Amino acid sequence: MARTIVVTSGKGGVGKTTTSAAIAMGLARKGHRTVVIDFDVGLRNLDLVMGCERRVVYDLVNVIQGEANIRQALIRDKRCEELYVLPASQTRDKEALSKEGIGAILEQLSGDFEYIVCDSPAGIEKGATLAMYYADDAFVVTNPEVSSVRDSDRMLGILASKSRRAENNEEPIKEYLLLNRYSPKRVKVGEMLSVEDVQEILSMHLLGVIPESRSVLSSSNAGVPIILDEDSNAGQAYADVVARYLGEEVPHRFINDKKGLLGRLFGG
Amino acid sequence: MGLLDYFRASRRNSAAVAKDRLQILIAHERAERNSPSYLPLLQNELLAVVRKYVHVDHDAISVSLEQSDNQEILELNIVLPENGQAEHAHQR
Ligand SMILES: Nc1ncnc2c1ncn2[C@@H]1O[C@H](COP(=O)(O)OP(=O)(O)O)[C@@H](O)[C@H]1O
Ligand SMILES: [Mg+2]
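Going down the list, the sequences are from chains A and B. For the first sequence, my numbering gives the first residue as -12, with consecutive numbering after it. For the second sequence, my numbering gives the first residue as 281, with consecutive numbering after it.
Please keep in mind that the hints were generated in silico from the structure rather than gathered at the bench. Among the hints, a few may not be true.
[Unchecked claim] Listed below are the simulated DSSO-like cross-link pairs for lysine-lysine, each with C-alpha atoms no more than 30 Å apart in a straight line:
id, chain 1, residue 1, chain 2, residue 2
1, B, Lys299, A, Lys175
2, A, Lys172, B, Lys332
3, A, Lys172, A, Lys(-2)
4, A, Lys149, A, Lys161
5, B, Lys299, A, Lys(-2)
6, A, Lys175, A, Lys(-2)
7, B, Lys332, A, Lys245
8, A, Lys149, B, Lys332
9, A, Lys86, A, Lys(-2)
10, A, Lys245, A, Lys175
11, B, Lys332, A, Lys161
Here the structure is a predicted model, which means the values were calculated and not measured.
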């Protein structure tokens, strides 16, 4: 039985796709057979961030509509053999996704994989609600910024009421806070909400803090999940997140501004 | 306090302001989310009744349910217009 993780946020552009690619790669590199699914039908981007955009033949909607089987649509990652990508379609409309169709796909994948990572689109419409419907765990990606925090709280409401677990009166979805684009320097001068602030407001379990990092853009430019950039702060922070999720005790890093002048000039 | 200090101080506060605003807003939105589904209906019907007698705006009535450990308090808030009395007399 696979464990299904939804990477969600409500607000767009906060780092869901970056996170999905990173943690899927991280789980796979730890030896867990993992598939990452792009639910952003119409705006697919996961394939680009994963660097497999030229290998897309069939997509999620093809499988739902019976035009391809799941094996034909899965793309095996070239860097890690435990990792597969199920891309979203670029052209079709969101209505092509159905609860039954997604349920059937997840059921099939569940036999072959240990983790199913669902990259949710922004908003609270069909793609987003379907991505979270079948989830066991939710990574709520939040930026330390008012509208992102508010939208994360809205997602908590939906996770608690509109999921399969909620409908069946099962144990609720486990919610984890992932604070992304954190800048300790700006927190220090009072320009940015701190980890403690966000945790206090949302009262969620903190899975990790990912620092603002220029490496994120350059690695997505290259189609390399940031977790593979082991020299970058963000890559290391994602590695910590995966380890923590798997139950290891890892202290939080990158929360305090203790870089020296040189680090500040050359780090990132 | 120099101008520079003023900007520094207000910038230093902006995260605190954000936190306060979010705490209030989110508490409000959570209460709304967790309120029973009949509340909006109750609110509309109450509004209709009040409007028979007083001209009030659509948003003049709020109904909320406060929950504490061992009791629930249904709070009904009606804001009457300044000239509510006059309108009332007029209608008769
Ligand atoms: N920690 C980070 N530091 C710097 N840039 C980031 C970070 N996380 C995400 N970004 C950038 O933010 C943008 C949106 O990220 P993305 O993962 O596509 O968000 P979403 O999927 O939530 O819309 C991208 O350009 C990405 O490179
Ligand atoms: Mg995305």
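Hints versus structure:
no.	hint	in the structure
1	B/Lys299 to A/Lys175	15 Å, holds
2	A/Lys172 to B/Lys332	59 Å, violated
3	A/Lys172 to A/Lys(-2)	24 Å, holds
4	A/Lys149 to A/Lys161	14 Å, holds
5	B/Lys299 to A/Lys(-2)	18 Å, holds
6	A/Lys175 to A/Lys(-2)	25 Å, holds
7	B/Lys332 to A/Lys245	66 Å, violated
8	A/Lys149 to B/Lys332	38 Å, violated
9	A/Lys86 to A/Lys(-2)	22 Å, holds
10	A/Lys245 to A/Lys175	11 Å, holds
11	B/Lys332 to A/Lys161	49 Å, violated
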